[in-house]
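Visitor: The residues making up each chain are set out below.
There are 4 protein chains.
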Amino acid sequence: MYQELKQRVLAANLQLPKYGLVTFTWGNVSEIDRENGVIAIKPSGVEYDVMSENDIVIVDLEGNRVEGDLNPSSDTATHIELYKAFPNIGGIVHTHSRNATIWAQAGKDIPALGTTHADYFYGDVPCTRQLTHDEITTDYEKNTGLVIIEEFTKRHIDPQAMPGAIIAGHAPFTWGKDGSDAVHNAVVMEEVAAMATATRSISPEAAIQPELLDKHYNRKHGKDSYYGQK
Amino acid sequence: MYQELKQRVLAANLQLPKYGLVTFTWGNVSEIDRENGVIAIKPSGVEYDVMSENDIVIVDLEGNRVEGDLNPSSDTATHIELYKAFPNIGGIVHTHSRNATIWAQAGKDIPALGTTHADYFYGDVPCTRQLTHDEITTDYEKNTGLVIIEEFTKRHIDPQAMPGAIIAGHAPFTWGKDGSDAVHNAVVMEEVAAMATATRSISPEAAIQPELLDKHYNRKHGKDSYYGQK
Amino acid sequence: MYQELKQRVLAANLQLPKYGLVTFTWGNVSEIDRENGVIAIKPSGVEYDVMSENDIVIVDLEGNRVEGDLNPSSDTATHIELYKAFPNIGGIVHTHSRNATIWAQAGKDIPALGTTHADYFYGDVPCTRQLTHDEITTDYEKNTGLVIIEEFTKRHIDPQAMPGAIIAGHAPFTWGKDGSDAVHNAVVMEEVAAMATATRSISPEAAIQPELLDKHYNRKHGKDSYYGQK
Amino acid sequence: MYQELKQRVLAANLQLPKYGLVTFTWGNVSEIDRENGVIAIKPSGVEYDVMSENDIVIVDLEGNRVEGDLNPSSDTATHIELYKAFPNIGGIVHTHSRNATIWAQAGKDIPALGTTHADYFYGDVPCTRQLTHDEITTDYEKNTGLVIIEEFTKRHIDPQAMPGAIIAGHAPFTWGKDGSDAVHNAVVMEEVAAMATATRSISPEAAIQPELLDKHYNRKHGKDSYYGQK
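Residue numbers (our numbering), protein chains in the order written: chain A, 1 to 230; chain B, 1 to 230; chain C, 1 to 230; chain D, 1 to 230.
Bear in mind the hints are in silico, worked out from the structure with no lab data behind them.
Quick caveat: nothing in here was measured; it's all calculated off a predicted structure.
Check the hints yourself; a few may be wrong.
[What the hints assert, rightly or not] To spell it out: a stretch of chain C is covered by chain A in this simulated footprint if at least three of its residues, at any positions, have a beta carbon under 8 Å from a beta carbon of chain A; those stretches are:
1. 59-73
2. 87-100
3. 201-213
4. 222-228
Note that the Cβ used here is the ideal one computed from N, Cα and C, for glycine as well.
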């Protein structure tokens with residue numbers, strides 16, 4: 001029934017090693033079918049080079065397995081919370097990609113320092129607060145989603161203009177209109193994170209001009225965009 | 001009519017991913033045909049691995065499309081200003097290559113620290129001033145070209161002895177006698193930018209001796225050069 | 001007699017260049033057959049691309065060669081001490097992989113800064129003390145094993161929850177249930193070491209929350225683990 | 001007449017791009033035939049992927065071309081001085097490999113910080129003094145060789161125990177018993193230079209214990225060595 005969805009989610013998962021975003025099995029992509037209320041997601045701990053279409057697991061929005069023989073990603077509950085809170089996103093990626101993870105470990109936003117960043121992320125990529133002891137010991141993966149949502153709510157951030165976040169002490173999540181778009185944003189976050197680390201090493205006070213952030217973001221997004229082919 | 005030009009510009013664009021200078025579509029190469037007053041340039045937002053010769057767009061020096069069905073690079077106006085101001089250059093490259101972009105984000109010249117740099121760039125690679133609010137909101141891409149030209153005029157820099165610049169908060173441009181030569185200089189700028197970042201991390205006060213800069217630049221360029229085969 | 005063991009050890013050794021952990025011959029993998037009291041190990045100074053199954057050397061726990069024409073790795077005595085002291089490990093890896101070696105050269109533990117680290121190493125990866133003059137001049141490789149063991153004893157570290165260590169001024173060792181598992185841990189140590197260096201450059205005081213370390217380690221290890229397929 | 005020598009020197013030159021030590025044509029390998037008093041060296045400015053055996057140039061020890069149609073490397077005079085001063089070396093490599101060049105640009109010795117370094121270089125890799133104005137303007141390449149030799153003489157360094165040096169503001173040279181061995185040492189210098197930069201970033205005061213330097217160097221070199229197969 002969900003063959004096409006599984007095919008797309010498999011393809012998106014295979015982009016993770018292709019773009020150098022994962023070591024071993026440290027990453028997962030999901031995509032939601034909002035009409036049918038199900039999510040297709042990578043199985044837990046399965047190597048990318050042996051994964052096949054039918055290994056992709058279908059779960060409902062309560063996390064119950066609807067199709068598939070394998071356990072879904074242990075991060076499934078995080079994906080579900082994000083899909084529920086952000087109604088316009090269609091795909092989610094989680095990785096431990098090196099440079100984005102560095103900022104997560106530092107517990108700091110990935111600062112917007114130039115147009116490369118502004119082309120995709122409208123402002124600093126938010127780093128969540130640390131989870132509390134209770135949030136870690138009970139429903140950890142669900143709470144990981146909730147602290148992302150809390151950060152977006154508290155800072156009044158639009159998840160479509162900011163397609164990703166990093167979790168303090170952990171690693172990044174990105175999203176997009178589908179799984180493949182979410183992978184695209186994961187590649188970009190990794191690149192701008194690497195640039196940010198090195199930029200700050202030669203200029204600790206570097207920051208983008210607000211008008212340049214506006215210009216580049218709006219050049220590629222929204223009704224007045226003029227980048228690319230229409 | 002411009003088939004050979006398009007072929008060369010396609011080939012030069014394909015060198016960008018080959019040399020690791022681009023992520024996705026973040027770069028473009030153009031070449032000018034000064035006799036006919038036209039420029040061949042990459043189409044906007046098209047992936048390198050599907051680009052064909054006839055996707056290359058021909059525009060005149062007012063930016064009007066002369067040949068091709070696709071929109072030209074959104075950076076076309078920057079290329080045009082540079083071709084108009086620098087009459088001896090034949091090709092231009094724009095990328096967001098990681099290490100050169102770092103210096104642009106830091107708003108600092110890429111300092112000349114050794115002979116690798118001196119072999120190609122006769123002095124620090126200039127970083128422009130930030131664009132003003134008005135320059136960003138109106139004719140942004142054209143103004144990007146103009147601030148580069150302003151910097152070369154103000155500092156009395158010869159664009160043939162300094163085949164590139166970085167834009168504050170943005171990224172590098174390089175040029176050369178044709179598109180392929182401009183790509184060559186983009187590779188070099190990326191390499192010397194990486195070396196400069198790391199050099200300064202172990203020696204913040206490092207700088208090249210002026211006589212060594214002269215020696216290496218003139219060993220490869222101008223009437224007394226003796227590098228390579230004649 | 002030990003053909004299958006040699007085959008496995010050859011395969012594990014060939015993973016070292018595949019994962020980019022070695023330059024030239026700078027690494028070795030061994031595996032123990034505890035029933036027969038022998039170790040299979042890489043021959044000393046032999047290039048990976050010409051190594052064959054029968055080049056793998058079989059030695060007993062006193063270091064005497066039991067099978068094979070070549071000299072075993074010069075680090076064999078270190079492997080032997082670790083197998084004797086840590087009865088539950090089945091394979092050992094030694095490399096000079098760049099990022100783990102950096103922390104060894106700095107004489108500092110690789111700090112646990114995030115969940116990537118916590119998924120595999122239950123705490124900071126210990127760096128041994130420096131060897132004394134006498135330990136270096138006499139039985140150097142044996143003493144290298146002994147200072148690792150000393151560190152684990154002194155700090156009450158369980159070698160199964162901490163599958164690796166770094167030697168001050170030298171380089172890393174990792175272990176696992178077999179040779180291939182030890183290589184897996186060597187890849188992880190290299191990755192988390194790289195992340196730690198960069199994290200500390202943007203946040204010198206970064207550290208993981210103890211409860212997050214617990215959570216991630218126990219999510220993947222022990223009786224309450226729920227990562228992967230069962 | 002020198003066909004075998006040219007073949008070996010071609011092969012050694014082709015190892016430079018293979019090991020990632022060169023961008024474009026920025027490197028050269030030579031080898032000496034001491035019996036016949038000639039040197040085989042890369043032609044100047046020729047790309048590695050089009051170079052053939054007969055492009056390799058044979059020059060005598062005064063720098064006169066004995067065989068070949070192309071100009072020899074512009075660095076030939078440096079090679080000649082080193083061959084004349086160091087009678088036991090058979091091959092020389094010059095590159096602008098990134099990490100070794102960083103230390104050259106910083107004007108600092110590559111510090112011996114661990115056993116990886118000690119296995120090949122018996123102490124800090126010396127950085128020469130800067131050349132004077134006159135040394136740069138007249139006989140620059142010859143003087144580049146002479147400042148290396150001066151440094152070894154002044155510090156009483158044995159060129160066989162220290163198979164390389166870096167030139168202040170410029171880049172590295174390495175040598176060995178033949179061209180291929182010199183390339184091997186160039187790869188090692190690049191790796192230990194990268195390790196040194198990062199080590200110092202987390203531990204500015206790091207240094208190797210003298211007895212560990214002795215141990216590792218002598219484990220691989222000289223009459224009491226026991227690494228590898230005999």
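Visitor: Please flag the earlier hints that this structure goes against, numbers listed from lowest up.
Guide: 1, 2
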